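S.K.: What follows is each chain in one-letter form.
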Amino acid sequence: MTTVKKAIRDVYGDTLAQLGRENKNIVALDADVGSSSKSIVFGKEFPNRYFNVGVAEANMVAIAAGLATTGKIPFVNTFAAFMVLRGADPVRSLIAYTKLNVKLAGTYAGLSDSYDGASHHAIADIAFMRSLPNMTVVSISDPVEAELATRAAAQFKGPVYLRLSRAEVPVVFDKASYKFEIGRGVTLVDGSDLTIVATGYMLIKALEAAQILAAKGILARVVNIHTIKPIDRELLIACARETGAIVTAEEHNVFGGLGSAVAEVLVSECPVPIEFVGIEDTFTESGDYEKLLAKYGLSAANIVARAQKVLTRKQ
Amino acid sequence: MSLKPKSKENLERLCMQFRQDLIKLLHGIQTGHPGGSLSSVEIMTTLYFEKLNVDPNNPKDENRDRFVLGKGHAAPMLYMILAEKGYFPQDELTSLRQLDSRLQGHPCALKTCGVELSTGPLGLGLPAGLGMALGAKLDGRDYRTYVLMGDGELQEGIVWEAAMSASKFKADNLTVIVDNNGVQLDGTVDEIMPMGDIAAKWRAFGWNVISIDGHLVEEISAAIDLAKTVKGQPSVIIAKTVKGKGVSFMEGKSAWHGKPISQNEYVSAMNELGVNV
Ligand SMILES: Cc1ncc(C[n+]2csc(CCOP(=O)(O)OP(=O)(O)O)c2C)c(N)n1
Ligand SMILES: [Mg+2]
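Just so you know, the sequences run in chain order U and F. Heads up, the first sequence is in the working numbering, so the first residue is 164 and it goes up one at a time. Heads up, the second sequence is in the working numbering, so the first residue is 2 and it goes up one at a time.
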């Protein structure tokens with residue numbers, strides 16, 4: 164793993180602007196957080212195709228729905244928390260219901276807007292978005308994936324939720340060789356004792372955990388599930404069969420997110436013990452990002468502990 | 002009843018102290034929202050030190066006036082006032098936004114004594130404040146509810162849903178104060194979403210409108226008193242303010258909505274506020 168770091172939101176903003184150059188049907192909307200989401204990069208270059216509606220998220224999402232009916236490809240930008248909390252109705256009733264070609268870019272997801280506190284953290288967005296029929300849910304782990312996933316979303320026909328972070332994170336993937344495909348999980352580390360299934364920034368923590376486990380003689384497979392819906396069932400079933408135990412890791416409530424999605428597949432296809440690393444159904448708080456992650460169990464150390472626990476449950 | 006000269010002097014002294022402490026605090030923690038805190042100094046100070054019937058020794062008194070910070074990002078200003086009033090120790094202020102603190106980035110009613118409503122996601126303060134006002138009427142209590150809102154916050158649709166409701170239910174025990182600083186997060190209000198004639202909008206929704214200079218404590222005081230005398234309709238005080246007020250390089254600049262203060266900026270801001278550091 165290299166130590167080059169980039170802010171996911173910067174990569175997203177640059178990619179959106181590049182997509183705007185390539186396709187004039189791409190339009191962008193924001194609700195007074197363009198300087199945070201970085202949609203402003205697009206807005207500066209394409210002022211006629213950029214709609215900042217002010218602090219009015221529901222309005223923004225519904226406008227995007229209307230734009231999509233005219234053949235535009237709207238990228239809708241706001242904090243993930245407000246996309247879900249305020250945008251919920253038009254997201255469900257207009258966009259998901261009639262499969263409108265809208266891309267919902269929820270930035271500052273998870274705890275990445277750390278100092279603003281629980282009111283701004285998004286820990287239920289995956290649960291909401293994946294409960295909507297017709298919605299595709301993509302959660303981004305590193306800067307390379309931010310670019311490729313944003314491009315893939317633009318190509319994809321239909322509603323997509325892109326889960327983006329505020330954080331500066333290490334580059335994990337090699338841009339030249341990484342094949343990003345919506346719906347396809349990615350195995351980064353092979354292993355036979357258990358599989359750590361991670362999404363978003365927790366992928367980094369999973370890779371760290373695998374190294375710690377390896378030093379203890381435990382071989383953990385590490386799988387990146389960037390597309391939480393539709394989830395890569397075949398890959399998950401193969402991991403369950405071959406390693407016999409699963410730990411999921413996500414920057415989200417343990418209720419309704421990646422862990423739930425994985426369990427839903429495996430409980431019917433190949434039941435194996437699963438441990439869930441995520442926020443334990445509690446509201447979070449303000450603080451330094453890494454300290455917060457550690458306090459709420461979103462750490463390599465906790466993944467290691469859960470891996471050891473799941474192994475005791477393995478037949 | 003106009004503000005006594007002594008009270009005016011006292012409020013102005015407090016406002017200066019709060020501005021200095023605010024810059025010091027936000028520089029110290031390198032996070033938080035200076036612009037919208039500075040624009041609301043006089044409004045919140047006048048409310049808490051001259052008008053609100055609240056008692057830190059009896060913070061849950063059922064007859065207390067209610068203050069709701071709709072624009073929750075001005076939390077640092079609210080916390081400084083609550084500490085000065087004695088709701089919690091002054092030395093807790095530096096824990097703002099840090100892990101395990103009672104002082105969250107945005108106000109949390111469960112964690113911080115004196116905070117009436119958890120806010121942060123904009124627009125929810127007014128409808129919740131209306132609920133408090135309606136509760137007072139149901140219980141026959143004569144406390145008043147005050148909601149401080151940003152002018153960008155007015156763009157949330159729910160604000161106008163609440164405005165209609167307050168008018169229908171004749172919530173004359175509810176006073177909204179708009180911190181009309183003309184700036185939001187991404188730019189000026191005129192650039193991002195022009196609000197036009199805000200006073201006319203509120204009037205059209207059935208509200209009694211009072212327009213003042215939001216940095217003059219005597220005007221704020223008089224407007225709050227005037228609102229109390231209006232029967233049968235809610236009142237809104239539209240307070241013309243300057244975002245970042247008191248620190249020239251922050252004034253009117255959206256960049257200072259939520260930006261860390263560097264060492265050089267800290268020194269020059271404090272100098273402007275009459276403190277050598
Ligand atoms: C629902 C919601 N959307 C977006 C934000 C992010 N945000 C925080 S403050 C702000 C601008 C507010 O402007 P204004 O109300 O004028 O506040 P002030 O100028 O007094 O700071 C925005 C968009 C939020 N807190 N809540
Ligand atoms: Mg404003």
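For the record, the hints were derived by calculation from the structure and aren't laboratory data. Bear in mind the structure is a predicted one, so any value in this text is a computation, not a measurement. Hints are supplied without guarantee of correctness; some may be wrong.
Heads up, simulated DSS-like pairs for lysine-lysine below, C-alpha to C-alpha not over 30 angstroms straight-line [what the hints assert, rightly or not]:
id: 1; chain 1: F; residue 1: K260; chain 2: F; residue 2: K229
id: 2; chain 1: U; residue 1: K454; chain 2: F; residue 2: K260
id: 3; chain 1: F; residue 1: K169; chain 2: F; residue 2: K9
id: 4; chain 1: U; residue 1: K458; chain 2: F; residue 2: K260
id: 5; chain 1: U; residue 1: K454; chain 2: F; residue 2: K229
id: 6; chain 1: U; residue 1: K458; chain 2: F; residue 2: K9
S.K.: What's the verdict on K169/F and K9/F, does the C-alpha distance respect the 30 angstroms limit or exceed it?
M.R.: Between K169/F and K9/F the Cα gap is close to 36 angstroms, so the pair fails against 30 angstroms, i.e. violated.
S.K.: Hinted pair, alpha-carbon criterion (30 angstroms max): K458/U, K260/F. Please report holds or violated.
M.R.: holds, 26 angstroms
S.K.: For a C-alpha distance cap of 30 angstroms, please report whether K454/U and K229/F respect it.
M.R.: Measuring from Cα to Cα gives roughly 47 angstroms; hence the hint is violated.
S.K.: Is K458/U close enough to K9/F, meaning Cα to Cα at most 30 angstroms?
M.R.: At roughly 46 angstroms apart (the allowed maximum being 30 angstroms), K9/F and K458/U break the hint.
S.K.: Is K454/U within 30 angstroms of K260/F, Cα to Cα?
M.R.: With a Cα-Cα distance of about 21 angstroms, the restraint between K454/U and K260/F holds, given a limit of 30 angstroms.
S.K.: For K260/F and K229/F, compute the direct alpha-carbon distance and say whether it is at most 30 angstroms.
M.R.: With a Cα-Cα distance of about 37 angstroms, the restraint between K260/F and K229/F is violated, given a limit of 30 angstroms.
Checked against the numbered hints listed earlier, the structure breaks hints 1, 3, 5 and 6; every other hint is satisfied.
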